[in-house]
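Novice: What follows is the residue order along each chain.
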Amino acid sequence: MNASDARPVLLEAKDLSVAYGKVEALHKVSLTIREGEIVTVIGPNGAGKTTLLSCLMGLLPGQGEVSYVGRSLGNDFEVEERVGLGLTLVPEKRELFSDMSVEDNLLLGAFDRYRRGDRDFATTMNEVYGIFPRLRERASQMAGTLSGGERQMLAMGRALMAKPKLLMLDEPSLGLAPLIIREIFRIVSGLREMGVSVLLVEQNARAALQVADFGYVLETGEISLEGPSKELANDPRVIEAYLGLGGKH
Amino acid sequence: MDFQIALLLGQDGLTNGAIYALLALALVLVFAVTRVIFIPQGEFVAYGALTLAMLQAGKLPATLWMIAALGAAIVVIDGAIAIRHGAARRLPRIVLSNLGVPLALLLIVPNINAAGLPLIAQIALTLAVVVPLGPMIYRLAYQPIAEAPVLILLIVSVAVHVVLIGLGLLFFGAEGTRTPAFTDGTLDLGVTMLQYQTLWILAISAVLIVALYAFFGRTLYGKALRATALNRTGARLMGISTTMAGKLSFTLAAMIGTFSGILISPITTLYYDSGFLIGLKGFVGAIIGGLASYPVAAAGALLVGFLESYSSFYASAYKEVIVFTLIIPVLLWRSLTSHHSEEEE
Numbered sequence: 001m002n003a004s005d006a007r008p009v010l011l012e013a014k015d016l017s018v019a020y021g022k023v024e025a026l027h028k029v030s031l032t033i034r035e036g037e038i039v040t041v042i043g044p045n046g047a048g049k050t051t052l053l054s055c056l057m058g059l060l061p062g063q064g065e066v067s068y069v070g071r072s073l074g075n076d077f078e079v080e081e082r083v084g085l086g087l088t089l090v091p092e093k094r095e096l097f098s099d100m101s102v103e104d105n106l107l108l109g110a111f112d113r114y115r116r117g118d119r120d121f122a123t124t125m126n127e128v129y130g131i132f133p134r135l136r137e138r139a140s141q142m143a144g145t146l147s148g149g150e151r152q153m154l155a156m157g158r159a160l161m162a163k164p165k166l167l168m169l170d171e172p173s174l175g176l177a178p179l180i181i182r183e184i185f186r187i188v189s190g191l192r193e194m195g196v197s198v199l200l201v202e203q204n205a206r207a208a209l210q211v212a213d214f215g216y217v218l219e220t221g222e223i224s225l226e227g228p229s230k231e232l233a234n235d236p237r238v239i240e241a242y243l244g245l246g247g248k249h
Numbered sequence: 001m002d003f004q005i006a007l008l009l010g011q012d013g014l015t016n017g018a019i020y021a022l023l024a025l026a027l028v029l030v031f032a033v034t035r036v037i038f039i040p041q042g043e044f045v046a047y048g049a050l051t052l053a054m055l056q057a058g059k060l061p062a063t064l065w066m067i068a069a070l071g072a073a074i075v076v077i078d079g080a081i082a083i084r085h086g087a088a089r090r091l092p093r094i095v096l097s098n099l100g101v102p103l104a105l106l107l108i109v110p111n112i113n114a115a116g117l118p119l120i121a122q123i124a125l126t127l128a129v130v131v132p133l134g135p136m137i138y139r140l141a142y143q144p145i146a147e148a149p150v151l152i153l154l155i156v157s158v159a160v161h162v163v164l165i166g167l168g169l170l171f172f173g174a175e176g177t178r179t180p181a182f183t184d185g186t187l188d189l190g191v192t193m194l195q196y197q198t199l200w201i202l203a204i205s206a207v208l209i210v211a212l213y214a215f216f217g218r219t220l221y222g223k224a225l226r227a228t229a230l231n232r233t234g235a236r237l238m239g240i241s242t243t244m245a246g247k248l249s250f251t252l253a254a255m256i257g258t259f260s261g262i263l264i265s266p267i268t269t270l271y272y273d274s275g276f277l278i279g280l281k282g283f284v285g286a287i288i289g290g291l292a293s294y295p296v297a298a299a300g301a302l303l304v305g306f307l308e309s310y311s312s313f314y315a316s317a318y319k320e321v322i323v324f325t326l327i328i329p330v331l332l333w334r335s336l337t338s339h340h341s342e343e344e345e
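Residue numbers (my numbering), protein chains in the order written: chain A, 1 to 249; chain B, 1 to 345.
Keep in mind that the hints were calculated from the coordinates and are not lab data. Only a predicted model underlies this, so the values are computations on that prediction, with no experimental measurement involved. Each residue gets a CB set at the ideal place from its N, CA and C atoms; glycine is no exception. There's no promise every hint is true.
Which residues of chain A face chain B? A few of them, derived with a C-beta cut under 10 Å, are [stated by the list, open to error]:
1. Asp76
2. Glu81
3. Gly84
4. Lys93
5. Phe97
6. Ala110
7. Tyr114
8. Arg158
Residues from chain A shown here face chain B by an in silico Cβ test under 7 Å; the list is partial [what the hints assert, rightly or not]:
9. Glu65
10. Gly109
11. Asp112
The shape of chain B in the complex, shown without the other chains:
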């Protein structure tokens, strides 16, 4: 390997690593707050990219029908609960908060030429369509069993993942798509060439990570999420509802996943099921961080990115094997260094 190739692989590793880092942070966040190992995290990557591609192709994204359907399901369930508790006055709010955004989008999107909008507006639309899936999935799949053991929550995660993959195939078809780069062209650094999209990925990932850091460190809602992760009972006694914390963390996870998909779809072709593998690599990073430490998870995910990129040069057939084998020494090291603690509750 000469220096040029090493630089190129390094650039690849850093780009992928940045995306894995974002996903790893989302996984740690969701697990810390809700104890859910969120297998479907990667699906948001595919849904985000493919929804954007559909908008750009001038089609109505099927994801829009999905949030409308899920919103309607939540209205039925929450509405029934409210009526049973004699709180029918809550009905308008339930309808508005679950169907407001889907119906507004269903009214707006078919009547504008989405394909002709500037990229930034298309991205905003994509986020508006895909991100609500996060809290909706939490409400329907996880909230009813919020107190269940981690294993049950994991089984539900597998189920949600399978359903989302199936729906993905139905919505987007088996064809892969790419979206145009945010900025076309490459930057010549002399020693190596850098695609502008790579710079976008690195810059936006860094901005998102800093924003998350500020959110958790400076805002009361961010602190409330950390508090829920540290001590649920204590948090509830402060009026921090476990449901609110769950929905908020799923919203953030969905946002991070969708954004990741939008960022990488100009440089990789994404299929309806591509998200799973990408999410799993983020998961390896999250495991390195013990599903608890944000900085270690992000660093671990970067390591995964580099390992993947260099192993694709030396032993490209084994690249996935090498990446996922990384879990074994990590688990060994963690089981030897961390004292065993019983699961709480």
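Same shape as in the complex, but just chain A:
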């Protein structure tokens, strides 16, 4: 038994299926995320990883059950309501507000808190700047002028401004230089200490399994393997398909 099994369940998906018209992109996927845990979903391009996150966030309707902190999230739960419940998604395309300053982007991350009357986001802003000092230097710069790594940092920082319970990251390493990737993963593993649970979707399986507690392998819309990350990283099937034989990426 895994020690983390004692932790309360934050999000649980049961037999989740998503179809684009007649094409099924996700078939009866079940996964569990516990509080303070980093869970990763690895798999090849086109396996349905982004679809999974979009459905959990409410951007796409799905079939099956999703329960979050004990309540059932049906398709009528809009994206905005899910944000209010503490779910946040950092999408693969980052979706920043490119013609607005870094600081305004961060402020807007706290929009939902502001709407509900929570005005104390100066503290959160300082915490975010503490995690990403680069953003503080760029505070008044337009988001559209940032480098790829800085854009990813801003997208994560903006998501953290909402004080999420569950942060979903879609391919945070995509298109970034190895040095930046290492930095991003170091930050992801640090989120655990802040009490944020993370659902990390990655093609970079090696790095993802290193920071995660638990992992799932998603292939052509179905979960083919699951287990604690350390076991997965030593599983011959995973090594052969995703980790390669050598030590390189």
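Guided by the hints, dock chain B onto chain A, whose structure is given.
Specialist: Positioned in the frame of chain A, the structure of chain B alone reads:
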């Protein structure tokens, strides 16, 4: 043309241009946030002016019945949706937020002597009666098709415009009205005479523009509207609902339109259908700004005002033709200078 006439025409151009600028800003705002080309923008000008005139004549403005009816329609639709989703607990809030203001006004307005109130109170009442039409129209006509292509939204805009013109005729009759000036009299500047109402128009337009600028630059809700205009998905992921942004931008547009009507009705006679032409001139300004740039749209609208006023002197029969022909070189220039971009989504 001597100097005196030039000054007088310039004053006219500036006054009309200021109003067109306000309407152009509203059009850019609505388009940026919702992708709706809001043809009925001008109707708010007429509704505002004529509602104020009805209040001053001691009559109950028919617009009041309209917001009550639209509010009731929204309650039925939203109520049905809430019940279908098993969220009947939301019903009281739905009723209160859609029927609260109309019912309160229906209780208050007939029981006070609106004609005897000071002008500022009458203006406040007019805003309270007409502005709710904005978000209500958004809820009923545009929200169900919020993701539709721009062309479909435009077709719906034409339909809304036709309906509002028809209702305008029903509510206010074919007679035109004027309302009294905020301050009577003229200011003698030596070289020219200035009506006090002109000063009011310029001052209030400037205040509104500065207020809008501050709203978008300084408040989180203003920034949220800009964020929605820049990236809808990104905004939704921050909890900024597209519906909220749509309703808020329509509220602002309705407020700007109504205010414009109240401002100009002392200097021009307004009929139930006068708003359309005024709105179209604002639209020319908005086009000059590419339906995207607020400052260029405002400057373009001022240009429209001057062009109209001077062409009415030289070729008064062709004044509208000249103003609307301005669109052709502008479109040509824009299509040559801006790189073509596919419509998003």
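Novice: Determine for every hint whether it applies to the structure shown.
Specialist: Hint-by-hint comparison with the structure:
1. Asp76: Hint on aspartate 76/A: holds, closest Cβ of chain B at ~5 Å, below 10 Å.
2. Glu81: Given a least distance of 8 Å, the restraint on glutamate 81/A holds.
3. Gly84: holds (6 Å)
4. Lys93: Holds, because the Cβ-Cβ distance from lysine 93/A to chain B comes to roughly 8 Å (cut-off 10 Å).
5. Phe97: For phenylalanine 97/A, the interface hint holds, since the closest Cβ of chain B sits about 5 Å away, which is under 10 Å.
6. Ala110: Holds, about 8 Å.
7. Tyr114: The hint holds - tyrosine 114/A has a Cβ within 10 Å of chain B, the shortest such distance being about 5 Å.
8. Arg158: Since chain B brings a Cβ to about 7 Å from arginine 158/A, closer than 10 Å, the hint holds.
9. Glu65: Violated, because the Cβ-Cβ distance from glutamate 65/A to chain B comes to roughly 16 Å (cut-off 7 Å).
10. Gly109: holds (6 Å)
11. Asp112: This interface hint holds because 3 Å falls under the 7 Å limit.
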